[in-house]
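> Spelled out, the chains give:
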Amino acid sequence: MADEESKQGEEAKPNTMQLKVVSQDGTEVFFKCKPDTKLEKLMRAFCQRQGVAMESVRFLFDGNRIRENQTPNELEMEDGDSIDVVVAQVGGTPTTR
Amino acid sequence: MASINLLRDHARAEEARMHQRRQQEEQAAEQKRQALVQYVARAKEVAAAVDAFIFRGSPAPHDPGLDYGVLAAEISADAMAAQIAAKDEEMFHFEEKLCGFEETRARGAAEAAELHQQATALATVLAAPMAPMDDYEASHARLTERARVLASELKRTSKDACASADLASTRARSIFNLLWDPADTEAQHMADAERPAKAAQIATLLAMCSSLPGALQAVHAAIDHLHAEAEAVLKVLERLAGHERLKPPVVMPPGKRAYTLPTLTAEEAEIVDEALGTGNPNEILADFQNIPISRRDMATLRPRQWLNDEVINYFFKLLEQREASAVEATWPRCHFHQTNFYTKLAETPAGYKYSEVARWTRKKDVFSKDLIIVPIHCHGNHWTLAVINMKQKRFEYYDSLRGPPDMVLT
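Residue numbers (my numbering), protein chains in the order written: chain X, 581 to 677; chain Y, 2 to 411.
Derived from the structure by calculation, the hints contain no laboratory data. Here the structure is a predicted model, which means the values were calculated and not measured. Be aware that a few hints might be false.
Unchecked claim - Taking lysine to any residue and the SDA-like style, the derived pairs with C-alpha atoms no more than 25 Å apart in a straight line are: (1) Y:Lys-318 / X:Thr-651; (2) Y:Lys-365 / X:Asp-659; (3) Y:Lys-364 / X:Gly-643; (4) X:Lys-600 / Y:Lys-354; (5) Y:Lys-98 / Y:Gln-218; (6) Y:Lys-364 / X:Leu-655; (7) Y:Lys-365 / X:Val-602; (8) X:Lys-614 / X:Asn-644; (9) Y:Lys-318 / X:Glu-620; (10) X:Lys-600 / Y:Glu-348; (11) Y:Lys-364 / X:Asp-659; (12) Y:Lys-364 / X:Leu-599; (13) Y:Lys-354 / Y:Asn-390; (14) X:Lys-600 / Y:Asn-291; (15) Y:Lys-370 / X:Lys-614; (16) X:Lys-600 / Y:Pro-350; (17) Y:Lys-365 / X:Glu-658; (18) Y:Lys-364 / X:Glu-635; (19) X:Lys-600 / Y:Leu-346; (20) Y:Lys-370 / Y:Gln-290; (21) X:Lys-621 / Y:Ile-285; (22) X:Lys-614 / X:Ser-662; (23) Y:Lys-365 / X:Gly-660; (24) Y:Lys-365 / X:Asn-644; (25) Y:Lys-365 / X:Leu-599; (26) X:Lys-621 / Y:Pro-293; (27) Y:Lys-318 / X:Asp-659; (28) Y:Lys-365 / X:Asn-653; (29) Y:Lys-318 / X:Leu-640; (30) Y:Lys-318 / X:Gly-672; (31) X:Lys-600 / Y:Arg-363; (32) X:Lys-618 / Y:Arg-360; (33) Y:Lys-318 / X:Glu-635; (34) Y:Lys-364 / X:Val-602; (35) X:Lys-621 / Y:Ala-287; (36) Y:Lys-392 / Y:Leu-319.
Could you put together the complete structure from these sequences and hints?
Below you can see the structure in the form of structure tokens.
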């Protein structure tokens, strides 16, 4: 697991929280962030690290879509909560199956 | 003495009678000579006429050794009668053929007229203004132009066919008149000398006449081809103009409600065109409940495109909102899951994993609902729908491809 950013010794800091971003293939990436920082920072960092475009993935918290301009406080996130990352889905009547 | 006088008188009378007879004979000879001269002049006229016809105006090489008058005189009455009879027969055949040809020509002209009429009608239809189609404006104009060209070509070709038919008919008539003029038997006799050449000419003309219907057929085939092409163009135009999509209204059996889509007003159609059109694909056209819809997402709603998750989730949000407004109390209360719900629940690397989605409904009371809607992204390329019908206590599975529900429901 890519959990090199989880530094358990620093959890005493009151103003930071640890969030877990979980990909569809089960990969987990941990991020430390402030409750009032916009999630855009986290999302960009994640996409850059995974090498994917921002438009091709969706971030979900408890099954609800979250956006760049929202903050963990706004979404009532707690320390250790996980954010799901899902990829775009398309489907129709395939010509060949 | 008396007998000598008598003899002398007798001799004188005989001499006078002989003289008279000689004069008569001389007169008759002169008449005959003049008749022959006339014959020759007449024969030369006829020969010139025949030459003019056969060589179409160019001077014929004259044969000085050929004396038509002498030739005509040599032909015996029996031979002449036989030849006239033969000619009569030939004329009869020719006339018959001419009648047949006339018939063919009339038919061809009628067909050409009909085709011309059709072409005109087609041109009118094609020239009629079409529904405005911004995207297809260029191709529409191009196809209309092509159809016009086809129609004019059609007109020209049918005119050509009529003209060639007329020409052949005129030629046949002229040669017929030349050969058969009952008032001028003398010309007949003169013309007999030219019989072999004339017969060959007649044969040529007849061959031409008989080949003309074939040529007409070819022209008709060409017209048909053009017609078919114009028809195909018209079909394409109709499809482009969207006429094909207009289907007759569905007749519902009594007792069932028919849900028909409302017709868009001009302003609404404009909005749709704008959204599905060729603008910036990244432009956000709608943003509701954190789901942004770009023009690229909107384009997945176009015919024959694959739907993406955004438009489905967005539509579910709209349905949720509609339910919250509770316009109609009979509407079922629903909970709509995300398109990723099933993926997260059942298609994790570890298989079925409830813990992944355990928190998704913690703020909602799904058990108070009538229906729980679960969209399923099937095999990564198809959308199906599972429904938990709480009221009827059953699972429902909807698949437009009629796939087996085992994968999802068990």
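> All hints are to be evaluated individually against the structure, with a verdict given for each.
Hint by hint, here is what the structure shows:
no., hint, result
1, Y:Lys-318 / X:Thr-651, "holds (22 Å)"
2, Y:Lys-365 / X:Asp-659, "holds (22 Å)"
3, Y:Lys-364 / X:Gly-643, "holds (11 Å)"
4, X:Lys-600 / Y:Lys-354, "holds (18 Å)"
5, Y:Lys-98 / Y:Gln-218, "holds (18 Å)"
6, Y:Lys-364 / X:Leu-655, "holds (13 Å)"
7, Y:Lys-365 / X:Val-602, "holds (23 Å)"
8, X:Lys-614 / X:Asn-644, "holds (21 Å)"
9, Y:Lys-318 / X:Glu-620, "holds (23 Å)"
10, X:Lys-600 / Y:Glu-348, "holds (20 Å)"
11, Y:Lys-364 / X:Asp-659, "holds (19 Å)"
12, Y:Lys-364 / X:Leu-599, "holds (20 Å)"
13, Y:Lys-354 / Y:Asn-390, "holds (22 Å)"
14, X:Lys-600 / Y:Asn-291, "holds (21 Å)"
15, Y:Lys-370 / X:Lys-614, "violated (37 Å)"
16, X:Lys-600 / Y:Pro-350, "holds (18 Å)"
17, Y:Lys-365 / X:Glu-658, "holds (19 Å)"
18, Y:Lys-364 / X:Glu-635, "violated (28 Å)"
19, X:Lys-600 / Y:Leu-346, "holds (18 Å)"
20, Y:Lys-370 / Y:Gln-290, "holds (21 Å)"
21, X:Lys-621 / Y:Ile-285, "holds (21 Å)"
22, X:Lys-614 / X:Ser-662, "holds (15 Å)"
23, Y:Lys-365 / X:Gly-660, "holds (22 Å)"
24, Y:Lys-365 / X:Asn-644, "holds (12 Å)"
25, Y:Lys-365 / X:Leu-599, "holds (23 Å)"
26, X:Lys-621 / Y:Pro-293, "holds (19 Å)"
27, Y:Lys-318 / X:Asp-659, "violated (29 Å)"
28, Y:Lys-365 / X:Asn-653, "holds (20 Å)"
29, Y:Lys-318 / X:Leu-640, "holds (15 Å)"
30, Y:Lys-318 / X:Gly-672, "holds (21 Å)"
31, X:Lys-600 / Y:Arg-363, "holds (19 Å)"
32, X:Lys-618 / Y:Arg-360, "holds (23 Å)"
33, Y:Lys-318 / X:Glu-635, "holds (20 Å)"
34, Y:Lys-364 / X:Val-602, "holds (21 Å)"
35, X:Lys-621 / Y:Ala-287, "holds (24 Å)"
36, Y:Lys-392 / Y:Leu-319, "holds (23 Å)"
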